[in-house]
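First residue of the first sequence: 974, per the working numbering; consecutive thereafter.
Derived from the structure by calculation, the hints contain no laboratory data.
Even glycine gets a Cβ: it sits at the ideal position worked out from N, Cα and C.
Keep in mind that the hints are not guaranteed to be accurate.
[Unchecked claim] If you anchor each label on the Cβ, the simulated ranges turn out as follows: (1) Gly1271 with Lys1116: 47 to 55 Å; (2) Leu1171 with Met1227: 20 to 28 Å; (3) Val1170 with Pro1019: 54 to 62 Å; (4) Ser1102 with Ser1008: 19 to 27 Å.
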Amino acid sequence: MENDLVRQRRRKLEEWASQGHPRYPYAYADRTPVSRVREAAARLEPQGVDRSRHFRVAGRLSLLRRVGRNTFAPLRDASGVIQIHFQSESMGTEDYDRITGLLDGGDIVGVEGFASRSRTGEPSLLASSLELLSKALLPPPEKWHGIKDPEVRMRKRHVDLFTSEEALQRFAARSALTQALRMELARREFLEVETPVLGRVASGAAARPFLSRYHYLDEDFRLRISLELPLKRLLVGGFERVFEIGKVFRNEDMDSMHSPEFTLLELYWAYVDYEDVRKLVEDLLHHLSIRAQEILPGERTDTLVQSFTPPFRQVDFGEALERESGIPGILDLPVEELRALARKYGARITDTTPAGTCLDKLFGHFVEPKLMEPTFVYDHPASTTPLAKAHRSKPGRVERHELYYRGMELTNAYSELNDPEDQEQRFRTQAEAQGNEDTTYAYDADFVEALRYGMPPAGGLGIGLDRLWMILLGSESIKDVILFPPTRSK
RNA sequence: GGGUCCGUAGCUCAGUCCGGUAGAGCAAGCGGCUCUUAACCGCUUGGUCCAGGGUUCGAAUCCCUGCGGGCCCGCCA
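Please work from the sequences and hints to get the whole structure.
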């Protein structure tokens, strides 16, 4: 019974305290990363002990092997693992029994001792004294299998992390990649900014927002679904290169590629168009794939670097859709026919669904699954994209590209619409087409007004970072790259 | 939202088809062993079989409902 296990561990903690030790000490000074001690130990002969220098290390004990009058226990800190060797002979029988008798797998301890090597050559720290820094009252999972249940791994990510080296490395790698992205953008003189999460309208994308209550302002607010509109207002204000990395919230279902709360990068770059942004996307992804290769060397990342070596393939939205659907002129079909077609292929379509939505569905059905290698899809129908600028030479299209990889959308970019009258009209068309504010691009009056002051021509880019990290880290599910994915209450 | 599979000890899992006293390994406790590497050997403890209802002399097992999760499909840029 769990209570038994906990009771035993609690009893050991009390016994330790009764010997005059603090239950939960405040710090452990002068410690050395275990990787450093390991290096020192590795230089010794088997069974050698270097008594010229004391080391102090701290970390979590994973399991205890008691062999006669010796106890061996791997201790892990952020730098790695080293075996702690408790030896009756060198500690004294009394201390040895007292200390090893009170330890359990999972305890966080500080140990002082000498670098040494065991008879079998394992680099070790021969313990001379120990401080219990934090008792593990709950037992860790089984040492060999760890936690298998994906539900428990998400709900108790802290346990997943200290149990699974792979999980710890994956999230450390995510952090390193985020940092690499920030540094690369800084190098290109993009300024990082933060804009509000809570707003009166959630626009810039078509998704159902989360609702909240702003008591100070006595108004209902929404959580942002994109970063786009406030960032473009910064272009109006005079920023020429800005980006934001932040959470956005879409009140939709979750699956292996979607999370209701996800991390988005959006970037805006004045005086360039979507062609310049395409080159930036190629460079960024190539750069990040190389970083992934450095962090996680192996065949998988070698292949990634190859795949993400520019130039990437490009296909015209209309040409691709015509070719794969076998329907010439599909972009120009009347909306009724598009609805019927989209229905035929399983999409949920109403009598008011706009043409753009139908074309998106058909594209998703016919083309997306075939885009395995990095491929830019460009020049979408105008009706799909109300924030992009009309194409300079293709009527009915906008200047936009999305990068697909393994059938998944990774990036999305436009030549940004900066004509306030056109923008206002596009918002209105959206609102009329669906009549449902929650699943269409919401009209943002402040944004339209901002455009009337003049926004420079600009290229913009959005990247769903969780997906990008999935690709670069080799994860099959978005939940594997999100530390604490949302879960239902139990 | 639809389909499908799963939920048994702290952890990993048998047992369910074909109803009959709740099982193993790890962890834990006791004992043994002075160099182990998932240490080993002996003994022991540990259960809301996800929850509720039904069928039955008897349910972990069969049926229904609910909850949680995985996968596939649908939906959402």
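A quick look at each hint next to the structure:
1. Restraint check, Gly1271 to Lys1116: a C-beta distance of roughly 26 Å breaks the suggested window 47 to 55 Å.
2. Taking the beta carbon of each, Leu1171 and Met1227 are about 22 Å apart, inside 20 to 28 Å as hinted.
3. The beta-carbon spacing between Val1170 and Pro1019, approximately 58 Å, falls within the hinted interval of 54 to 62 Å.
4. Separated by about 22 Å at the C-beta atoms, Ser1102 and Ser1008 satisfy the suggested range of 19 to 27 Å.
Taken one by one, the earlier hints fail for this structure only at number 1.
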